[in-house]
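What follows is the residue order along each chain.
Number of protein chains: 2
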Amino acid sequence: MAGNPERRASLVDAGVEVLAREGARGLTFRAVDAAAGVPVGTASNYFTGRDDLLRQIDVRLHTRLAPDPDALAGLMRRPRDRALVAALMHDLMGRVTADRTGYLALLEMRLEATRRPELRASYTESVRGELTFGMRFHREAGLPGGDETVVVLYLAMLGLILEHLTLPGVLDEILPGVAVPAGLVERVVAVVVPDA
Amino acid sequence: MAGNPERRASLVDAGVEVLAREGARGLTFRAVDAAAGVPVGTASNYFTGRDDLLRQIDVRLHTRLAPDPDALAGLMRRPRDRALVAALMHDLMGRVTADRTGYLALLEMRLEATRRPELRASYTESVRGELTFGMRFHREAGLPGGDETVVVLYLAMLGLILEHLTLPGVLDEILPGVAVPAGLVERVVAVVVPDA
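Top to bottom, those sequences are chains F and B. Mapping the first sequence onto numbering that gives the first Met the number 0, position 141 (from 1) lands on 140, and the numbers just tick up by one. Mapping the second sequence onto numbering that gives the first Met the number 0, position 180 (from 1) lands on 179, and the numbers just tick up by one.
Isolated chain F, as found in the complex (with noise of 0.2 Å):
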């Protein structure tokens, strides 16, 4: 394996592009090479396979897609109530609408887990450590609601963000006067989070 970890970190990337704009079956080390702008088989010599490819760009997305530490220090030096979670969860939204490109890429790779199981388990293992981290964070951080506030929190928000990145007009004033998806992520909240 080729050892150049800048040119590396360009190929994942290159690689998540391929996949939002292409879908997973178009994620070929070819495409990856020209998305990449280098030559034909570099890819070839930085990944063992597709596999590997899918699995290093999951890695990648979950630092692309994470908190600025910065913005989230600053957010928890708030009290710890329902309007602290809404303004976490106004952080998430933004994040993955900044980086649509990005988490389109997650969406699919969570339909190529559905063909490839040894992709499925890793991803699966992925996703988990991810919620199983927000319950945590939720509960020491003295957050309003319990483990099953924030799985339905988790699920409404997936959904929301499911519906805004791919059809976006689906949720446009469907309840009259609220915003997608500022004024959404405030509903889900009101609606899943006591006020404690």
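Be aware that a few hints might be false.
[Said to hold, decoys possible] Label pairs and their calculated CB-CB ranges:
#: 1; chain 1: B; residue 1: Ala82; chain 2: F; residue 2: Glu5; range: 57 to 63 Å
#: 2; chain 1: F; residue 1: Arg76; chain 2: B; residue 2: Ala178; range: 36 to 42 Å
#: 3; chain 1: B; residue 1: Glu117; chain 2: F; residue 2: Leu74; range: 37 to 43 Å
#: 4; chain 1: F; residue 1: Pro38; chain 2: B; residue 2: Leu64; range: 43 to 49 Å
#: 5; chain 1: B; residue 1: Pro66; chain 2: F; residue 2: Ala65; range: 37 to 43 Å
#: 6; chain 1: F; residue 1: Phe136; chain 2: B; residue 2: Ser121; range: 38 to 44 Å
#: 7; chain 1: F; residue 1: Pro78; chain 2: B; residue 2: Pro78; range: 39 to 45 Å
#: 8; chain 1: B; residue 1: Thr47; chain 2: F; residue 2: Arg76; range: 56 to 62 Å
#: 9; chain 1: F; residue 1: Glu172; chain 2: B; residue 2: Gly182; range: 30 to 36 Å
#: 10; chain 1: B; residue 1: Asn3; chain 2: F; residue 2: Glu5; range: 53 to 59 Å
#: 11; chain 1: B; residue 1: Arg135; chain 2: F; residue 2: Arg135; range: 38 to 44 Å
#: 12; chain 1: B; residue 1: Pro66; chain 2: F; residue 2: Pro38; range: 51 to 57 Å
#: 13; chain 1: B; residue 1: Gly141; chain 2: F; residue 2: Gly93; range: 34 to 40 Å
#: 14; chain 1: B; residue 1: Ala70; chain 2: F; residue 2: Ala195; range: 34 to 40 Å
[What the hints assert, rightly or not] Chain B stretches covered by chain F per the calculated footprint, using a threshold of three residues with CB under 8 Å from any CB of chain F:
#: 15; segment: 20-30
#: 16; segment: 104-110
#: 17; segment: 151-159
[What the hints assert, rightly or not] Some chain B residues well away from chain F (every beta-carbon gap over 12 Å; in silico):
#: 18; residue: Thr62
#: 19; residue: Ala70
#: 20; residue: Ala86
Quick caveat, the hints were computed from the structure, so don't treat them as lab data. For clarity, every value in this text was computed on a predicted model and none was experimentally measured. Beta carbons are placed, not taken as given, at the ideal position from N, Cα and C, and that holds for glycine.
Knowing the structure of chain F, use the given hints to seat chain B on it.
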């Protein structure tokens, strides 16, 4: 356009199969012909193009995934309380689990819609039509909760269905003793729908 309705229906179902198995990019007339077991060139006599095929797949899945009228009528003889909302959501989850291929094809269509404006317009209209139908149904049936309840319930069920059909292991025992998906459907309804 050729007009044999049974042949057309079997080609559309073959298209659903190809979408779920190969992803949107694998959906070619040739692949549909092969999946339907008909001579190469048959699909091109039935559809004006790929967008036409995708629209007909959308219409077909609307029917395939619709509730059974007798089952629905039976449910609607019950009191209009939160337990009935849960029963309706169990019915929905049962349908998408029984026709997993059909629902995975709808998810592929969502991602394909991000790339094809014409498909996005027609698919947005069909998904929005289902959501507004659900809101009206809920209201007219006198079920507990208002439009906001229905929208948040829709989003949480969308997230739950996406997770369960693509990465079922993520939710397995995420809440101790809560079975996936039935127990999670119960918890979603309990959190989102008022007990009235």
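Each hint, compared with the structure:
Checked against the hint of 57 to 63 Å, the C-beta distance between Ala82/B and Glu5/F comes to roughly 58 Å, which is consistent with it. In this structure, Arg76/F and Ala178/B meet the distance hint of 36 to 42 Å, their C-beta atoms being roughly 39 Å apart. Against the hinted window of 37 to 43 Å, the Cβ-Cβ separation of Glu117/B and Leu74/F comes to about 41 Å, which satisfies the hint. Between Pro38/F and Leu64/B the C-beta distance comes to about 47 Å, which sits within the given range of 43 to 49 Å.
Roughly 41 Å separates the CB atoms of Pro66/B and Ala65/F, a value that falls within the hinted 37 to 43 Å. At about 41 Å, the CB distance of Phe136/F to Ser121/B agrees with the hint of 38 to 44 Å. Evaluation of the 39 to 45 Å hint for Pro78/F and Pro78/B yields a pass: the beta carbon distance comes to about 41 Å. Taking the beta carbon of each, Thr47/B and Arg76/F are about 59 Å apart, inside 56 to 62 Å as hinted.
Hint check: Glu172/F to Gly182/B, Cβ distance near 34 Å, so the stated range 30 to 36 Å holds. For Asn3/B and Glu5/F, the Cβ-Cβ distance of about 58 Å falls inside the hinted range of 53 to 59 Å, so the restraint holds. The beta-carbon spacing between Arg135/B and Arg135/F, approximately 41 Å, falls within the hinted interval of 38 to 44 Å. Remark: the range hint 51 to 57 Å for Pro66/B to Pro38/F is upheld by a beta-carbon distance near 55 Å.
Taking 34 to 40 Å as the suggested C-beta distance range, the pair Gly141/B and Gly93/F conforms, at roughly 38 Å. Range check, Ala70/B to Ala195/F: Cβ separation about 39 Å, and the 34 to 40 Å hint holds. Counting residues of the segment 20-30 of chain B whose C-beta sits closer than 8 Å to any C-beta of chain F gives 6, which meets the bar of three, so the coverage hint holds. Only residues whose beta carbon comes within less than 8 Å of a beta carbon in chain F count, and the segment 104-110 of chain B has 4; three or more means the coverage holds.
Under a criterion of three residues with beta carbons nearer than 8 Å to beta carbons of chain F, the stated coverage of the segment 151-159 of chain B is upheld, 8 such residues being counted. No beta-carbon of chain F is positioned within 12 Å of the beta-carbon of Thr62/B; the least distance is around 20 Å. Non-interface status of Ala70/B relative to chain F is upheld: no Cβ of that chain comes within 12 Å, the nearest being about 24 Å off. The beta carbon of Ala86/B sits about 19 Å from the closest Cβ of chain F, which is more than 12 Å, so the claim that it is off the interface holds.
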